[in-house]
Amino acid sequence: MAQSAPDTARKYDLGFARWVYENVEGGDKLSMCMQCGVCSGSCPIGTEMDHGPRKLFMMIRAGMKEAVLTSNTLWNCTKCYRCVVRCPRGVPVTYILGGLGTKAVEMGYVKTEDTVRFSKAFWWSAKTFGRTDERLVTSRYHFSGGFGEGVKKSLANLKIALGMFKAGRLHLGAPHKVKGTKNLQAILAKAQEIEERAGETER
Amino acid sequence: MEERKPGVYLCRGCGIDEAVSVDDLEQVAGTELKVPTCRQHDCLCSDEGVETIARDIAEGTVNQAIIGACSGRVMTDRFQFNGTSVIRANLREQVAWSQPAGDENTQMLAADNLRMGIAQAAKTVTPEASAEGETSSTILVCGGGITGLSAAREAVRAGHAVVLVERSDTLGGWAAQWSKRMPFRPPYRDPQDNDVAALIAEVSGNASVTVMPDTVVTRTEGSPGRFSVTLSQGGAEKIETVGAIVVATGWRPYDASRLGHLGYGTSPDVVTGVELEGMLGAGPVQRKSDGKAAKTVAFIQCAGSRDPDHLPYCSSICCAVSIKQALQIVEADPEASAFIIFDELRTPGTAEEFYRQAQEAGVIFMKGKVKGVDADLKVVYDDELLGDDIPLEGLDMVVLATGMVPNSTNPEAAAAESGADQLVDDIDPEAPIAIAGYKGGNGDGAAAEDAAQTPGDGGEDGNGDGDAEPALPGGPILNLQYRQGPHIPILADGFADSHYICFPYETRRTGIYTCGPVRRPMDMAESAEDAAGAVLKAIQALRNAGMGASVHPRVGDLSLPKIGLDICTKCRRCTVECPFGAIDEDENDYPILNPSRCRRCGTCMGACPVRTINFDNYNVQMVSDMIGAVEVPDEFSEKPRILILACENDAYPALDMAGINRHQYSPFVRVVPVRCLGSVTMLWISTALEKGFDGIMLMGCKSGDDYQCHFIKGSGIAKERMEKVGETLKSLMLEEERVAVEEISIADSGHVPNVINSFADRIVEIGFNPFKGF
Ligand SMILES: Cc1cc2nc3c(=O)[nH]c(=O)nc-3n(C[C@H](O)[C@H](O)[C@H](O)COP(=O)(O)OP(=O)(O)OC[C@H]3O[C@@H](n4cnc5c(N)ncnc54)[C@H](O)[C@@H]3O)c2cc1C
Ligand code: SF4
Ligand code: SF4
Ligand code: SF4
Ligand code: SF4
Numbered sequence: 011m012a013q014s015a016p017d018t019a020r021k022y023d024l025g026f027a028r029w030v031y032e033n034v035e036g037g038d039k040l041s042m043c044m045q046c047g048v049c050s051g052s053c054p055i056g057t058e059m060d061h062g063p064r065k066l067f068m069m070i071r072a073g074m075k076e077a078v079l080t081s082n083t084l085w086n087c088t089k090c091y092r093c094v095v096r097c098p099r100g101v102p103v104t105y106i107l108g109g110l111g112t113k114a115v116e117m118g119y120v121k122t123e124d125t126v127r128f129s130k131a132f133w134w135s136a137k138t139f140g141r142t143d144e145r146l147v148t149s150r151y152h153f154s155g156g157f158g159e160g161v162k163k164s165l166a167n168l169k170i171a172l173g174m175f176k177a178g179r180l181h182l183g184a185p186h187k188v189k190g191t192k193n194l195q196a197i198l199a200k201a202q203e204i205e206e207r208a209g210e211t212e213r
Numbered sequence: 072m073e074e075r076k077p078g079v080y081l082c083r084g085c086g087i088d089e090a091v092s093v094d095d096l097e098q099v100a101g102t103e104l105k106v107p108t109c110r111q112h113d114c115l116c117s118d119e120g121v122e123t124i125a126r127d128i129a130e131g132t133v134n135q136a137i138i139g140a141c142s143g144r145v146m147t148d149r150f151q152f153n154g155t156s157v158i159r160a161n162l163r164e165q166v167a168w169s170q171p172a173g174d175e176n177t178q179m180l181a182a183d184n185l186r187m188g189i190a191q192a193a194k195t196v197t198p199e200a201s202a203e204g205e206t207s208s209t210i211l212v213c214g215g216g217i218t219g220l221s222a223a224r225e226a227v228r229a230g231h232a233v234v235l236v237e238r239s240d241t242l243g244g245w246a247a248q249w250s251k252r253m254p255f256r257p258p259y260r261d262p263q264d265n266d267v268a269a270l271i272a273e274v275s276g277n278a279s280v281t282v283m284p285d286t287v288v289t290r291t292e293g294s295p296g297r298f299s300v301t302l303s304q305g306g307a308e309k310i311e312t313v314g315a316i317v318v319a320t321g322w323r324p325y326d327a328s329r330l331g332h333l334g335y336g337t338s339p340d341v342v343t344g345v346e347l348e349g350m351l352g353a354g355p356v357q358r359k360s361d362g363k364a365a366k367t368v369a370f371i372q373c374a375g376s377r378d379p380d381h382l383p384y385c386s387s388i389c390c391a392v393s394i395k396q397a398l399q400i401v402e403a404d405p406e407a408s409a410f411i412i413f414d415e416l417r418t419p420g421t422a423e424e425f426y427r428q429a430q431e432a433g434v435i436f437m438k439g440k441v442k443g444v445d446a447d448l449k450v451v452y453d454d455e456l457l458g459d460d461i462p463l464e465g466l467d468m469v470v471l472a473t474g475m476v477p478n479s480t481n482p483e484a485a486a487a488e489s490g491a492d493q494l495v496d497d498i499d500p501e502a503p504i505a506i507a508g509y510k511g512g513n514g515d516g517a518a519a520e521d522a523a524q525t526p527g528d529g530g531e532d533g534n535g536d537g538d539a540e541p542a543l544p545g546g547p548i549l550n551l552q553y554r555q556g557p558h559i560p561i562l563a564d565g566f567a568d569s570h571y572i573c574f575p576y577e578t579r580r581t582g583i584y585t586c587g588p589v590r591r592p593m594d595m596a597e598s599a600e601d602a603a604g605a606v607l608k609a610i611q612a613l614r615n616a617g618m619g620a621s622v623h624p625r626v627g628d629l630s631l632p633k634i635g636l637d638i639c640t641k642c643r644r645c646t647v648e649c650p651f652g653a654i655d656e657d658e659n660d661y662p663i664l665n666p667s668r669c670r671r672c673g674t675c676m677g678a679c680p681v682r683t684i685n686f687d688n689y690n691v692q693m694v695s696d697m698i699g700a701v702e703v704p705d706e707f708s709e710k711p712r713i714l715i716l717a718c719e720n721d722a723y724p725a726l727d728m729a730g731i732n733r734h735q736y737s738p739f740v741r742v743v744p745v746r747c748l749g750s751v752t753m754l755w756i757s758t759a760l761e762k763g764f765d766g767i768m769l770m771g772c773k774s775g776d777d778y779q780c781h782f783i784k785g786s787g788i789a790k791e792r793m794e795k796v797g798e799t800l801k802s803l804m805l806e807e808e809r810v811a812v813e814e815i816s817i818a819d820s821g822h823v824p825n826v827i828n829s830f831a832d833r834i835v836e837i838g839f840n841p842f843k844g845f
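Residue numbers (my numbering), protein chains in the order written: chain A, 11 to 213; chain B, 72 to 845.
Check the hints yourself; a few may be wrong.
[Said to hold, decoys possible] Straight-line C-alpha distance at most 27 Å; calculated DSSO-like pairs for lysine-lysine:
no., chain 1, residue 1, chain 2, residue 2
1, A, 21, B, 710
2, A, 176, A, 187
3, B, 194, B, 76
4, B, 309, B, 359
5, A, 189, A, 169
6, B, 76, B, 105
7, B, 366, A, 39
8, A, 176, A, 192
9, B, 801, B, 710
10, A, 21, B, 251
11, A, 21, B, 440
12, A, 121, A, 187
13, A, 130, A, 39
14, A, 21, B, 795
15, B, 251, B, 105
16, B, 633, B, 194
17, A, 39, B, 440
18, B, 309, B, 366
[Unchecked claim] Residues of chain A clear of chain B, computed beta-carbon distances all greater than 12 Å:
no., residue
19, 73
20, 74
21, 85
22, 116
By construction, these hints were calculated from the structure, which means they are not laboratory data. Even glycine gets a Cβ: it sits at the ideal position worked out from N, Cα and C.
Turn these sequences into a full structure, and let the hints steer you where they fit.
If you want it as structure tokens, here you go:
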């Protein structure tokens, strides 16, 4: 059925689960979840999530729309696919989290400005070097909001940066590159062309 | 009877010859006990070995074969000689396989087992069939629901005529009202058409079935093969003779008016699963309050089930029933939403497929316990995974999945004048004890079923106020004219007597078998299967009654208790303690046996204070003589003797199995198999103590509410009697610990050696019996 978009005025919304089943990518399979918790138990970054996947799915059934769509679970999922591989009921957990994220953005539950700036920095590095350079991506992102904010954000992350440096995860000097960045750029240009040709795309 | 001509046959095979000196055993039989015929063979169960015995019998030199070989539980088909009594002395499982080879103690054990066998033979007579008169092959089926209809169909297929008695004016019971049926055929996915009408047509159209609607049984007399039942059809009475009875009186829904906390009664839109069935049958489901379509429906599972204040048990069907109903709702109207709030969803077997189907169809399952439902249909449940109270608002209808209450009595009939006490305890009507799920009884009674007491359990009337009034409403279903009262005994939670696992259809009234939800909750497919099982039991009962033979567990046994009325004191113990109501009292208050009700357990024999009840092949003197035949060394030999009276159904096989697994245990035990611990008489205990035995252990099945006793009450009664033996021991200045009762199941072969050894250790600690040698 065409369940209308969830009622935002209430904390619990009876129609939310059906709406998710019918409108979110992979949601049609979510109904098969039997609350076993294999997904949450398998998740390598479960401790960094507001809610494990199982709990999030129970929140969907309980109609807790706002809490679901603002949960950091949607963003902290690293797309490792462990849960998808292991779910005994064939629930595509990763897709559903992604799908919920898309809906959260569409429906204005997520402030995207920051995310957009980060994505731009990330994309610049990927396109230019064929890899992400932690140092350049972060500084580019930090300073994208102006000099003052850049200094503030960089200082706040100093400790992490030092730790990463010690562990050899951050290096000074010229950024690492893939071989044949020219070819990469040609590939990307072609991809862009195809995408444009295909016209309107979803994402 | 003709002169006894015993013959002893000793086997040297299966390790016996290596473990003991068979020649010495032959000496015991021939020289010491003067048995005229003694033979040995390398493999007694071979054709040649069997032929040796058969030849002696044919030549007339032997009419009792005492076989010293394997356990009496095996090779029974080999060692079977028409009309000749066969006695088995266990030299294999309980000697050669459980004791060290070549040891002095092993030899002594073997010799004693042989002595006991020879003593047993001297008191055994081969029982003869005592079939009395005509028997009926008609089966009475009480209750015309799916269970009763299935029973009727199965009975007819097996060639038996059926009288089908139904209290209401229609057949089919509850199941006839269901709009759809849970799937019972592959792929077990969708609700199926209800086919009860076809079953009704098949059964009522069958010439061998006499369908009697509007009828109840008002009286049942007699015994298997010849029950005389009075049927009252709208007040007009008629008497039928039937061979056996199948009780399929089904269930009734739990009284939802007790579920006010779940909103029942506060809003007309809170309905039970049974009520919803009627609505589903009538077309698109509409709210009772305003006739509007029910678009969002929540099902509350375990409504009053698995709740100590209501029904303490799981009705096993309501999870699948709600799935069925939710599917019907969402499939009929794609705009509808169905929520099922469950604590645990119980979808055993193929019902799991059904659960998945409902999930795929978008039925929403939520895990938690419902805390309340208000008049606006707001359901609040405690979500176990979210750890929070979650409200469900905006529902159109709430369905309570209520459970099944067994019709083990007839609530539409007045309570019987006598016999209400029987429902809570039929060992001693003076001393009712509580049974799980029932508030009846004051709990201060006999201790035989002490283990069964579960104080604080809610009754099916569930008012939880702990009053002592018997909670079970209604009159008896069959109104049995038995000494022990009119009811079919009831077990835990109000379900009719049956052992769920070991012997499901057996009741304590031989020839009467219960099936369907009256004995445990089940769905239609299970009920139909259950009916087939009960009918097979009924057929066996009426056929064996015709042959004068016993049914479960001593199937085919022709022996019967013979009551010597000359010294009977009319104490009534036998009539009261018989677990099967087989003994009534005659007009002069003397016990009178109804042979085909008897299961040959010997509980009456164990009960009789003047020991005037005996069987041809199992009697008080026989076991006393067997005990007396054991050689008890004096205390200076440092060889204690422990008597084990082992139930032949579970404990004895467990001992055999210990041997098969080569578990060793104390060589000082002497094992006598008994039919049931209920048959153990005090005389055997005192005989053993006088003889110089240092300890006595009774090994039998579990007693109590979750009994495993094959004669239901035998082991419980034994336990109760043994509590009193402690006093006797004390008065003899003997330690109470010398007599112990142990519960041993057939699966205990690994454990039984420890039980024996630690008892033997305890006896050594206490010291030798001071009566030794007197
Ligand atoms: C809401 C609900 C829906 C269900 N749906 C399904 C389903 O879809 N599929 C499924 O497999 N199971 C279902 N079940 C379970 C199913 O109803 C039972 O398994 C079935 O009814 C058992 O049949 P029965 O004949 O033993 O009992 P009953 O249906 O109770 O029949 C007993 C019969 O005996 C009669 N009777 C009672 N006492 C006496 C007496 N003293 N003398 C003479 N006659 C007597 C009664 O009048 C009745 O006709 C459902 C249960 C519920 C609660
Ligand atoms: S693993 Fe699958 S079935 Fe289990 S909780 Fe996660 S999503 Fe549900
Ligand atoms: S079948 Fe389900 S609803 Fe019914 S009592 Fe059992 S667990 Fe509860
Ligand atoms: S042997 Fe058992 S069943 Fe038979 S009359 Fe005695 S106590 Fe009853
Ligand atoms: S127990 Fe023995 S004495 Fe008592 S009534 Fe029965 S037969 Fe008679």
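If you check each hint against the structure, which ones fail? Of the numbered hints given earlier, those the structure breaks are 1, 4, 5, 8, 10, 12, 13, 14, 15, 18, 19, 20, listed in rising order.
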